[in-house]
Structures are given as structure tokens and as C-alpha cells.
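Trainee: Chains as they are written, first to last, in UniProt numbering: chain A, 1 to 629; chain B, 1 to 297; chain C, 1 to 309.
Mixed in with the good hints, there may be bad ones.
[To be verified] Residues on chain A that point at chain C, a partial pick, calculated with CB under 10 Å: (1) Asp383; (2) Ser407; (3) Phe528.
By construction, these hints were calculated from the structure, which means they are not laboratory data.
Backbone N, C-alpha and C fix where the C-beta goes; we use that ideal spot for every residue, glycine too.
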Amino acid sequence: MTDLPIAAAEEAVAATATHGNRRTAPFIPLPLTAARATTLAGAVITIASTFMSWTYTTDFPGDLTVSGYPGGLQIMTLIGAILTGVVALGTFGLTGLRWLTPSRTNNGVLLLALATLGTTWYTVIDIAAKLGGLANLDPGGFVAFIGALVLFAGALALPLDRHPEEPADAEYYELGRAEGISAVVRGYAWLREARLHHSELRVPDARKLNRWLQRLVIVVVYALGLKILTFGLATDYSDIFIGYLIVLAVGVWGLSAGGLLKQFQQLTQHNKKFSSTVGVLTAIAYPFAQNNELWANLGASVLIVGTVALGLNIVVGLTGLLDLGYVAFLGVGAYTAALVSGSPFSIWSGTQFPFWAAALAGMGAACVFGVLIGAPTLRLRGDYLAIVTLGFGEIFRIIVRNLDGVSGPKVTNGPNGIAQIPDLSIFGYNLGDTHSVGSFTLGRFANYYLLMLVITIIVVLVFTRAADSRIGRSWIAIREDETAATAMGINGFRVKLVAFALGASLAGLAGTVFAHVTNSVVPDPYVFSGSVPPNSAFLLAAVVLGGMGTVSGPILGAALLYVIPQKLSFLSQYELFAFGIALILIMRFRPEGIIPNRRRQLEFHEDETPAPGNRPMGDDTVPATTAGA
Amino acid sequence: MTTTIPQQPTPADAAAGGTLLQARGVIMRFGGLTAVRNVDLTVNSGEIVGLIGPNGAGKTTFFNCLTGLYVPTEGTVSYRGTVLPPKPHLVTKAGIARTFQNIRLFANMTVLENVLVGRHTRTREGLFSAIVRGPGFHKAERASRERAMELLAFTGLADKAEHLARNLPYGEQRKLEIARALASEPGLLLLDEPTAGMNPQETRATEELVFAIRDQGIAVLVIEHDMRFIFNLCDRVAVLVQGEKLVEGTSEVVQNDERVIAAYLGEPFEGAPADEDGTPAATADDASTTSEQENDR
Amino acid sequence: MHTLPQQLANGLFLGSMYGLIAIGYTMVYGIVQLINFAHGEIFMTGAFGALAVYTNLPSSMSIWAALPLMLVGGAIVSVLIAVGAERFAYRPLRNAPRLAPLITAIGLSLALQQAVFNWYPHATAGKHFPQLPGGPFHIGSVDVQSGDLFLLGAAIVCMIALGVFVRSSRTGRAMQATAQDPDTAKLMGVDTNRIIIIAFAIGGLFAAVAGVAYGLKYGQVKYDIGFQAGLKAFTAAVLGGIGNIYGAMLGGLVLGIAEACATAYIANVPGMEQFGGGAWAQVWAFVLLIVVLLVRPQGLLGERVADRA
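Excised from the complex, chain A in its bound form (with noise of 0.2 Å):
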């Protein structure tokens, strides 16, 4: 193949080599050929030990007892081991693979070993800890121990590409008085050093390919995500559901080193509407994909706090403004579609609004309310809006608490709250009930499902066309340097102020469908911390996890923070702590969060311009010039 003189390429760099500005060494020092031996060597062996027993009792969560097929996290450590050894054959060369590394970096094999040696190790001690005792593990259990051991050595001795060297009177002030002493600063150099360092690889342009391939690949990723996120959901252990988020995470992560993600992202980049058409389409399958209440709710509540965390980015993320009682606006919409609901216990029983009309009563209401609090603070330092919004969120509780009647005047039935609101009827189609779709039955949850799916729909319609606008980039620039966009015409207050009432109105739409879904508003979700989900802390953390300014950002962030601790129960107690830590080592670390903004979508850009050596993604499409590492 033409692919021939890259391979040669490597295999002259082989052991360390510093081109440009990529800097390759292995960890372990070992010749390449033996390197990728070992690898594949401990791929092999890591599958073959799935298909044994690795412990006597079935005791342990998913039955691992059973020779000849895998169960349990044994698939989890057969997933991971297959696709190491698949991308690593790509990656050292087999024709009809190659694709699966475009970067053709090391990295993505490095960091697959170790999601596979991650959930294999897991598996193995978790099995010795709950049962007690090596004792316990079968023979199959210590191969698979040494098999993902074997295959994350190999991959430690293949020619990484690392952060470049540091030079050698770099200084490191972060270290304080330890920079005297020369075995820290030594130490600190390496760990420094030995940061794996891909992102800045080429790949081919993946626009290159045939248009329908293009849009295949996207239906086939979409496919694939939604099979992976309801296998994920349907694990019934937390045990296997910790092996599954060690694959998938560090598994992506992988994926991502080697380039994959990159091209899928030029891909729904150039496809723009035909990738979110299938997004939605996606969205759409899921209730039917699962029939299954449990998880209907469980994704009407993702899209939930997804969209009210969403309606925050554009106050947070677009225009930087810290808004820490941002549920307070959630919890006005959601008093106020309880309010017209026609409930029993709301002070107006009789009337009952159609679902637009609650809709916009529960918008205009949130709106007028982010006026009320936005006025006398936007024009001052952003710090004050923080603690106002703060004091707010607290105000909001107080206030609808002693609105009992005893404590204050009777309007929101204080700490009982209006309970008993009426399921939606939307056009005749009572959302309450279970509606037959084909040969799909689709109960309440689901119906409020795709209702919220609609309002979602709506809410990042929002975002993206008044971020790509006038307005929207008024924001970003006061984010960026408020007194630069005031001398460039920019009335500062005002547009923060339509940031903040905008945020606001769609907390406030959010909350009307929050209000039927739960059936009952009550003042205590409505705070800054708490247990339960739809808390002002929880929102934050779900912006600035997912990325700071971004679609989908908020959205996935606040997938994995409301899902994670629903499967993981015992970590319930342990919550807010973790988000806690979270924010501060997100800041430190990674403040641009999962899904970084802008940067990413440059790189295309940079790309399009010195790239004379650009390969199509599949072998046989277009005759191919090589690509130059």
C-alpha cells in the first residue's frame, strides 16, 4: 500500500526521536519489535482469560464462574483487550486497520492497555476484597491479572509521543522553597515530561471522504453511542458499571489520542445538519430503545437539569457572569406552572392553562424575576452578582416557605408546597398516559421524555443562533474584557442584562415541565447545595465539567453527574463533596472541562491551510500521498 513509507518512517525512528516538535520515547526501553510482541502478546492472553472462570462462588456481582464464555466485567475486560489489540495492529501497520489510529500515535494504544488494565485489576481486586481473599480468584482471574499487565508494558515500551523535553534551566516556581532541593525539582521534571502529548497531531481530513460514507459514519456513531449508553444503563451491578466507566472513559480518551475523535468532529463539522438531524433522531430512539419507565425518567430528568444547566452556559459560560442561585429561576417557572395547573392545592384551583400559556406564564414570570435581581447588580463588579444571586437562590426558598398562610400571606401552601398538578394534554395527547406507538408502548416518563426532548430542542436552538450572532458575541467579548467591549460600543449593562433575563426565561420554561413531571413543587429542592439534582451547585458543576460556553458541554456534564451517582448508590453520601473537589481541580487542571470551547474547532481551521500531506480516511477512496507525521 501507499502506506508503506510512513511504517518505514516509524520504524527508523523507532526507539527516541525528537522531529519538529514531536518528541517520541517509550517508558520502558525495549527494542520496537519486542515492544509490539508484547503488546499483542498481552492483548491475546487477556482475551483468552475471559473465557475462563475467575472465581469459584457466583457470589460476585455477574456470574464470572463460568469457562468457555465471558460474563460480567469479564466482557468489560474482553471489550477493552479486543479493541487494544485491534488498534494496535492499526497502528503498527496491518493495511485495513490503519484508520483506527489517523494520528498514528502510540498514545491511543497506551491509554486503551490501561482502561483494560484498569477494569481487568479492578475486577480481579474487587473480587479478592468482597469475597475475601486472594483465595478466591481461579486461575483464569491471575491470567487475566498478568495478561492486561503484559499488555500495558508492551504499550509502555512503544515510542510514545511525550511533551517535549523541558529545558534545562526551566524554572519551576510553582514548587516554592522545594525548587532548592534537586531530587524534587528532578522528579518534578520528569512527571512533566512525562505528559503524553497528542493533541496537537495532524490527521487526515475525514472531509476528504465520499459524502454518504461521511454521513454513514455519523448514523453508525450515533447508533453505536446509544448502544453503549443503554448497555451502560442496563448494567445491573455497581461493580460492573465502575468496569464500564473505566472502559469507556479512558477507552475514549484513547480513541481521542489516536485522532478518531478529531475526524468524527470534521465530520459533523462539514454535515452540520445532517449530524444533528441524526442526533435528534437518536434522542428520539431512546425511549423506544429502552421501554423501560425506569429509564424514561431517568432520561427526563438528564434532559432536565441538561437544559436549565444549558440556559446557565449562556450566563456562565457565554458571558461570564456567576450565577449561583440560577435553580431559584427553575423553581419560579415551576411554582408558576403549578400555580395555573388547576391543581387542588394551588390558590387559584379553577384555572388551568393550556401548556403554551403555562409555558410563557412561567418564562415571563423567571424573566421578570432575573430583571428584578439583575438591575441593581449588572452594573456593578461581576463578584457582587455572585453573592446577590446567592442570596437570592436562599431568598427564594425562604420566601416560598413561609408563603403558608401562617408565617406569611397563603400562596404557595409553604414547606407542603401544590401538590397533585394534573398530567400535561398537549393537543388531546394526555401526557399522563400510556400511548402505543407500533409496536412500542410509550408510559408517562417517556411521553414527558420527548416533550422535554422538544423544549431541549429549543433551548440549544437558543443558544446556538443568539451565540453566533451580534449579541452573542457582545457577550463573549464582555467576558473577555468587559472594559475592551465597552470602548467598542458595547452598552455593558444591557447586554448583560438580556443575558441574565434570557438564562432566566429558560430556567423558567424548564421548570413548567419540571413542575408536571414530578407532579408536586415543593420548596426544598430549590437550594444551593443539596442531595437531590436540581440544586444551583449542581448546575455549576455540571457547566464547568462539561465546558464552559459550549452545546453540548452542560448537557453531557449533566448526564454524568445526575447518572453516575443513580448507578453508583453508595456514592450518594459522598456527592457534593466530589463536586466540590471536582470544581476546584477542574479549575486548576482543566478549566475548559470535557468538551473544550473554540480551540477544538480552530484546529480544523489551523489544519485546512499547511496540510499537503492530508490522507483520506479509508484505504481505497482516493489514491493517497503520505502523510507526513
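Once you've looked at the hints, dock chains B and C against the given chain A.
Mentor: The following block gives chains B and C in isolation, referenced to the frame of chain A:
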């Protein structure tokens, strides 16, 4: 680089030579410190005016008073005959655009977006139109983009339109700041040390750029440390020392003024004028001119 | 009981506590322009630190002998946490975008609160805090608890000490210089990092004193007391003019008295009968904050500072 600047016809261009900016008796006090004392300054259309002075003379403070960033303790600033409100965005809207001494770009926006932000006051589209995206929105957006690209071509940044502003080299960041300011279609451009940190070639290019801007009918008021740059460029130069305007006049007049030289050499400043009306008394002194030139690098 | 002097006294005690905590906000803000959201939690950990000392002392020990030890214990905990937060959480972000340290502060606040909730023994509910014996004293028509007297005394001592420190010590003057202009102060040879750490430490120290006083006053501490107290203290700091240490104390007093009076007298206002009492106290404090921000955003003693453009 010097393609035509695509300047929309500004109303007062007809009255060339008329007064654009007039600052009268501007005083700025911070607590007990008076940073700017009773400064008058006028800029006529089509002019390039320089503002020089040693460090801490209050040049940037005066600039901030002009652009509404600070509210002057006393005095007024008027533009084309109307008194400017002390709000930066209204000043920009009225037709005065500025750059900053320490570059203040929107670092995480692209080059093109930076310029588009500059178009803010000259466009109307609000939130509603952004969400609904009617034909009017697309038309306005396209027009803004075209204009922004023209400006980028004018400043020589067109091929970097999609780069992040923070990834630009220093000299290009300065250019981008100027392009961004021009996007607001100003009648007067205020440049705060546009060549700070530049090498001689870059300074030269900036000089040409400023001339090109002036040729498009935009008056320029520039603060600079680099004397050679100022004296090459400016029709008129004002010297600010310790918050007071010491001298104002043509390059030659200022270059040869004893007090300016004294102020720059850091000699005890005794003959400080109580009022600056009688200032433009210029005496030629060759010896101190050379020493002044040594001093300015 | 509900006489005006009594309400004023109640407000005075409450306000001294707000003021003590507010000093931490205001000093840190004055020097690094950061709202340290975790400061309320530092106050809370100070109270728990003191409580931990008390529970480990022999039960025969009198409260008067234990009190200094408790103060020291609480102060050590609070100061260590405050200084550690500065060193490891805030300092690396000093040149980051404005939002980053704020979010870090929020995270720190959550983490500290939950750490006490999860790992301090039996802290999920309120913990009993020892009480000072004696009292209530009757001074004129006013009833005063001994805990209140301690609080007032501590606030006065702390304020005077701080005033003397800032005015007459070398470090205090360096502190003022850094607050004015950190860059110039640095050029003049002031070790700004050290000054910042000292500001955090003094804030932590005062918060610990306030924490002990809180425990003595209410007889109970809980993991979530820091949130409310922090919110109030910040309001006090803004009220007095953030960055001004005397303003913080004054703001605390004004807020405390306003709150006490609102609790007692709002219900007497025609048409407001239902909005009085303790249930609405928070709401009125918040309304006061909004009003101050509208009318005098620089606070009672604050000056308008120039933006260093």
C-alpha cells in the same frame, strides 16, 4: 497593505478642517492625586495629533477621560460640537474609537469575530432577530462580515481571519486592535502607544497604516513614547507633563522647546506654567535637541 | 422583652459576629480582589475545631480554662485551612480569568462543608457546644447572655488589635500598600505573597473567634452554619464598603441591628403584618443588600476606586 480603506461616508467629512474633538479644562482627581490638570485639546478633522509626555504624565488617564472610561472631575469633552456623555459605549457610538496601551483583544475569539464586535454600534440586530433569523438578520450579518473582511484586508490580516486572537504574534495583535477600532466607523481614532514593543520595521509599517487611516478621512490622536515616530507622523504635538499640558505645536516647535527637553531629561521642573495659555514660546537649542534624541530610545 | 434597647443589644451582638467574619472577606478582597466564598466555611471549621478541642479535654476542666485552648484549636484549624486554600487553590489561579477563582472558591466551600458533614463524628445533625456559665445579666431593661458578652468583648479586642497592627506595624503598612497597588508594592520590595497569606490568616483567625463565639451564643454548631453566616458577613462587608476593615465592622453592626429591628418591628407596619418575625429576617437582610447596591454601591465607608486600566 495599503489597499483602500472601505470607509462609509461620514457626515462631517464635508466640513474638512472643522473641529472634531474638543476637550476643555479637563481635570481628573483620584482622591488627593490630580492626574490631569486643566487640559485643553482640540483635534480637527483630517489631522494626526500626537500626545507625548514622560511616564506617569497622565496621558492614558487623559485618554480614559476622553473615551468615557473615567468621568472627569471637571471639564467637558465634546465631539463635533456635542458634549460627550461619560459612557464608553456612547462615546464609541458618537464616533470615537480607541486602542489600549496594553493590548486588550478578546483573546478567545477569532480575529474576524474581534472585528465583528467592533461593528456592534453600527448594527442593530437584537436577541429576537438572532433567534428567529429572518432574512434581515442574514443580510446584516453578511454585510458585517464583508466589511470586517475588508478591514482585515486593509490591515493585512485577512488570511488570519479564523485564527484565535491570542495566537497572533504581537505586532499583528496591535494591527487587529486597530482594525477592531476602525470597524466602529469612527471619525476619530485614539491610539494608545501603538508601537510599544515593536521593532523598527513594525513601527514603520504602523506609521504607514496610520497615514493610510488618515487618508481615509479619519482623524487620529496618538499617544507614543517613540519621539521619532511621533514627529514623523503628527501634524501637531501636545506635551503633557505632570498632568499639565506644557507645549502644543508643530513637531519642530515641540522638538525645540526647552521645557520639554527638561521634562524628558528629568531635570527639576521649575518653570511649570501656572496656566498653559502662554506656553508655545519656542527656542531653538541644538545641543539639547541631540541630548533629547539620545534620551528617547 | 421586645423593648427597643433589647433589640438594639441583640442587633449589636449579632452584628459583632457578622463584622468579625466580614473582616476576612474584606481583607482578602481588598488585596486580591477575590470573594472568598469559602470564608463562611472557614468560620464553621473554626467552631468545629474548637469543639474538637473541648471534647478531648478532661470533663472536669472548667469552661473558663478550656476556652483559651478552644480558641487556639479553632484558630489553628481555620488559619491552616485559609492559608492552605490560598496556597494551593487560589494562588495558581492568580492570573486566570476572573471566573476561575470564584468557581474554585465555591468548590472549596462545598468540599469543606461536606468534609465536616461526612467525617466529623456525628456531625450530620447539630452538635452541642459548651455554654458559658452565669447570666442572663440584667443591664437596665436589657437581658444579656454571657455568650453575648464574650462575643462583644472578642469583637472589640480583635478590632483594636487589627487597627493597631495595620496602622503601626511594618507588615500592616505593607498590607495597605499592596491593597493600593500590588504591582508597585512588589517593586518597592514588598513580598506580596506573604502579605496575601497574612490577610488570609488574619481572616481565618477572626473567623475562628467568631465561630467559637457563635457556639457559645447558640449552644449548638452544625455543618451548614457557614453558608448563612458567610452570606450575612459578605453582605456586611459590602454594606460597609468592601476592602475597608472598619467598614466591615460597621456594616456588620448595621446589618445586625437592621435584622433585629426588622424581626421585631416590621410586623407593626400597617400592611406588613405577615412579614415580621424570624422567618423573614433573612429576606430583609437581602433586601437591605439590594438597596445598598442600588443606592450606594461603594458601601458606607467605601471610596470609588479607579479601574487600573
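Trainee: Against each hint, give a clear statement of whether it holds in the structure.
Mentor: Status of each hint after checking the structure:
The beta carbon of aspartate 383/A comes within 5 Å of a beta carbon in chain C, closer than 10 Å, and the hint placing it at the interface holds. With 10 Å as the threshold, the beta carbon of serine 407/A comes within range of chain C, its nearest partner Cβ sitting at about 4 Å, so the hint holds. For phenylalanine 528/A, the shortest C-beta to C-beta distance to chain C is roughly 7 Å, which falls under 10 Å, so the interface hint holds.
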